[in-house]
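Chemist: Sequence:
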Amino acid sequence: MLLRLEKHLREALRTHIAKRFGVDEDVVLEQPKQAGHGDLATPVCFGLARSLRRPPRMIAADLVADLPPVPGIESLEVAGAGYINARFDRGAYAEGLLAGEDEPCGELSKAIVEHTNINPNKAAHIGHLRNAVLGDTLVRMLRALGRPVEVQNYIDNTGVQVADVVTAFRHLRGMGAEQVKALARDPDVAFDHYCWDLYAEISRLFASKDPAALAWRGETLKALESGEGELAEIGAAVADSIVACHLATMGRIGVSYDVLPRESEILNLRFWASAFEMLKARNVIRLETSGRTAGCWVMPAATFGAAPNRRESGQGTGSDLEVEADKVIVRSDGTVTYVGKDIAYQLWKFGLLEGKDFEYAPFRASDASGPWVTTAEGGSECAPQFGGASEVFNVIDVRQSYLQDVVRASLQALGFPEQAQRSVHFSYEMVALSPRCCAELGIELSKKERSRPYVEVSGRKGLGVKADDLLDLLVSTALQEVESRHEDLDRAECWAIAERIAIGALRYFMLRFTRNTVIAFDFQEALAFEGETGPYVQYAAVRARNILRKSGQPCGPDPKPSREAFARHLQDEQLWQLVLAVSQSRSTLVRAGQSGEPAQVARNAFQAAQAFNNFYHQTHILTEKDTGRRAVLLAIVRLALDELTCLMDLMGVPVPERM
RNA sequence: GCGCCCGUAGCUCAGCUGGAUAGAGCGCUUGCCUCCGGAGCAAGAGGUCGCAGGUUCGAAUCCUGCCGGGCGUACCA
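Counted the way numbering that gives the first Met the number 0 counts, the first sequence spans residues 0 to 658.
Calculated from the structure, these hints are not laboratory results. Since this is a predicted model, take the numbers as computed values, not measurements. Check the hints yourself; a few may be wrong.
[Unchecked claim] DSS-like cross-link-like pairs, simulated, lysine-lysine; straight-line CA separation at most 30 Å:
| no. | residue 1 | residue 2 |
| --- | --- | --- |
| 1 | Lys180 | Lys6 |
| 2 | Lys460 | Lys447 |
| 3 | Lys208 | Lys221 |
| 4 | Lys447 | Lys6 |
| 5 | Lys549 | Lys446 |
| 6 | Lys355 | Lys221 |
| 7 | Lys6 | Lys32 |
| 8 | Lys355 | Lys208 |
| 9 | Lys208 | Lys460 |
| 10 | Lys180 | Lys279 |
| 11 | Lys208 | Lys447 |
| 12 | Lys446 | Lys460 |
| 13 | Lys446 | Lys109 |
| 14 | Lys549 | Lys559 |
| 15 | Lys32 | Lys109 |
| 16 | Lys221 | Lys460 |
| 17 | Lys221 | Lys180 |
| 18 | Lys18 | Lys6 |
| 19 | Lys208 | Lys18 |
| 20 | Lys624 | Lys559 |
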């Protein structure tokens with residue numbers, strides 16, 4: 000509704016300016032900070048003043064005087080040094096909102112969102128939660144905008160990290176494949192949490208450069224790559240079991256996936272081999288014959304826009320400058336780097352890997368509605384078609400920008416400029432630990448670390464907060480609160496409510512920061528249920544719901560007040576401001592989609608909740624004697640609830656029945 | 001060295017394409033439950049928007065240079 004009005008006003012002003020002054024001026028509309036300045040304003044006359052050589056106020060006066068009526072706009076006025084302020088036809092606006100009028104979205108092309116991507120060798124931590132929440136929210140936003148979206152979670156099941164844990168099982172614990180599988184099945188053991196400690200343990204050994212350990216690791220890597228032998232069997236058991244743990248953890252906060260592409264299939268099905276041929280054929284990479292990277296296939300730095308990093312290696316004659324920024328794609332031993340595999344994978348996502356595709360099987364044989372996982376052979380006949388998108392969003396933290404640049408540049412250099420342009424690195428800053436958080440976790444910090452504002456999470460060091468632990472803590476904290484408020488409910492009901500509150504608190508926390516803000520994680524902030532938090536927003540929705548329930552018409556059709564009734568009662572400025580505050584979701588969604596900033600949705604939800612809570616406090620709805628006014632108030636409560644629900648759905652924040 | 005990001009209230013952060021008197025939460029001070037649930041509402045104190053130039057009718061926002069901090073720049077992922 001708001002979008003529609005903006006469009007009408009913008010176009011009306013633009014065509015009128017063109018007709019009146021013969022200038023094609025882009026009309027910028029903004030929502031005034033002060034209510035007294037109207038519902039929409041434009042500073043367009045300041046820009047016109049320059050080219051027309053007239054004072055902005057005079058131009059504004061001219062425009063306002065003979066602009067034909069704009070549907071939905073009641074009045075225009077000149078204000079300040081030359082602003083034009085517009086006021087809406089309040090009755091028509093509210094009526095339109097209640098009818099759910101909106102701009103339709105056209106047919107949109109398929110997008111792939113890849114997120115989560117946790118190495119399957121240990122439990123998920125808070126950094127992974129930020130990734131998953133951002134990714135999942137992006138998915139919800141794109142879908143709300145009418146975009147078909149496929150969600151992928153890439154599983155690096157043959158990499159060093161899995162190899163490290165396999166090595167630890169074999170040599171530190173002396174366990175064979177059957178024993179590891181038994182451990183993974185043991186209901187009393189959180190397998191991913193077990194591996195968290197095991198991984199930290201063997202990492203310490205590697206860090207000490209223990210020669211035996213390094214030899215074990217090499218042996219394991221080879222075994223994983225070949226896919227044969229007991230080490231490979233342990234590797235598969237570890238990776239599959241941990242992926243199941245990750246899916247369970249993410250399932251707790253409402254995050255799910257369509258397909259899990261695995262690195263083992265990228266290798267087995269020779270996706271890389273195919274991409275390698277393309278890269279060679281189109282001279283995107285070259286075989287280095289001398290220097291530091293002799294024997295490697297490298298991508299020249301210029302291809303991905305990195306400045307060739309020249310460092311003087313000799314006496315500085317200028318002739319023996321070494322270019323160091325070239326990126327190795329294939330190592331001198333012939334194995335492919337991670338980027339290489341990522342290039343192949345990215346090509347497949349766009350349907351550019353001719354003749355290559357995965358086969359798919361349900362990840363859990365018993366669960367047909369769960370995600371599909373890639374297999375090399377023997378896939379299901381009824382698997383959907385995956386891949387082949389026209390736009391790809393890779394949700395990965397900002398530290399991987401360099402590698403993402405290389406992937407994007409490869410597509411460009413291979414002759415796929417459109418796909419390169421539509422390869423979006425949806426980046427975000429890391430979640431680190433605040434000094435206080437480290438103290439609470441009993442982590443000892445070095446002098447250098449103590450002087451910093453935050454400490455980086457490190458899976459290798461076992462330094463971090465596990466996702467499940469944080470969730471458990473949130474649930475138990477919420478449960479105490481719920482139980483103290485609801486003596487009438489049994490424990491299971493309280494638990495269910497506490498879980499929804501915990502999810503809301505967590506997801507809102509991860510979304511309220513803009514993407515390039517480093518989150519210095521702090522338990523006190525993350526566990527807060529008051530102020531700008533998920534539970535605050537949830538509470539506003541619960542209040543709205545309670546009013547509607549008690550009004551006597553919980554689910555039946557609400558009596559719709561007439562336009563005149565709206566117009567009359569919305570003369571109350573406070574009520575009108577509330578209606579405006581709870582009608583922003585659509586324009587917020589469009590704006591957040593364009594800027595790729597889910598935090599805007601969170602902010603809008605908080606502001607809508609704030610506006611509603613204020614209204615709730617000063618207006619008694621159910622005791623209102625004037626039935627006409629009561630109907631209008633109830634209709635506004637309905638609008639507020641719908642708006643809050645819409646915004647919370649975008650964020651994946653549950654809307655509890657009560658709390 | 002090179003590349004990217006950040007610096008706004010005591011703390012944590014918003015501030016959309018430059019626009020009217022720079023906003024919120026927390027913390028602090030003070031009010032508010034005979035009425036739809038107080039996870040709430042209202043009010044107050046608190047800011048040379050890192051510094052210096054520049055562009056502009058107008059700069060927290062754009063440009064340049066400094067200062068301070070972070071992250072990249074692996075034949076790890």
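Chemist: Work down the list of hints and note, for each, if the structure agrees.
Modeler: Hints, verified against the model:
Proposed proximity of Lys180 and Lys6 is contradicted: the alpha carbons are some 60 Å apart, above 30 Å. A threshold of 30 Å between alpha carbons decides the hint, and for Lys460 with Lys447 the separation of about 17 Å falls inside it, so the pair holds. Taken as a hint, the Lys208 and Lys221 pair is honoured in the structure, with Cα atoms around 19 Å apart against an allowance of 30 Å. As the CA atoms of Lys447 and Lys6 are separated by approximately 55 Å, the hinted pair breaks the 30 Å bound.
Taken as a hint, the Lys549 and Lys446 pair is broken in the structure, with Cα atoms around 59 Å apart against an allowance of 30 Å. A C-alpha spacing of about 25 Å is found between Lys355 and Lys221, which places the hinted pair at or below 30 Å, so the restraint holds. Between Lys6 and Lys32, the direct Cα distance comes to roughly 20 Å. Compliance with the 30 Å bound is thereby established for this hinted pair. For the given pair, Lys355 sits about 41 Å from Lys208 by alpha-carbon distance, which is inconsistent with the 30 Å threshold.
About 15 Å separates the Cα atoms of Lys208 and Lys460, which keeps this hinted pair within 30 Å; it holds. Distance check on the hinted pair: Lys180 and Lys279 sit about 42 Å apart at the alpha-carbon level, beyond 30 Å; violated. Under the criterion of a C-alpha separation no larger than 30 Å, the hint pairing Lys208 with Lys447 is consistent with the structure, at around 24 Å. Annotation: proposed proximity of Lys446 to Lys460 holds, straight-line Cα distance about 18 Å (limit 30 Å).
The hinted pair formed by Lys446 and Lys109 fails the criterion: a straight-line CA distance of about 50 Å is larger than 30 Å. For the suggested pair Lys549 and Lys559, the alpha carbons sit about 18 Å apart, so the restraint of at most 30 Å is met. Distance check on the hinted pair: Lys32 and Lys109 sit about 38 Å apart at the alpha-carbon level, beyond 30 Å; violated. The suggested pairing of Lys221 with Lys460 holds, with an alpha-carbon distance near 24 Å, which does not exceed 30 Å.
Restraint check for Lys221 and Lys180: satisfied, since their Cα atoms lie roughly 21 Å apart, inside the 30 Å limit. About 18 Å separates the Cα atoms of Lys18 and Lys6, which keeps this hinted pair within 30 Å; it holds. Proximity of Lys208 to Lys18 is assessed by CA-CA distance (about 77 Å); at most 30 Å being required, the pair is judged violated. Of the supplied pair hints, the one linking Lys624 and Lys559 holds, its CA atoms being roughly 18 Å apart against a limit of 30 Å.
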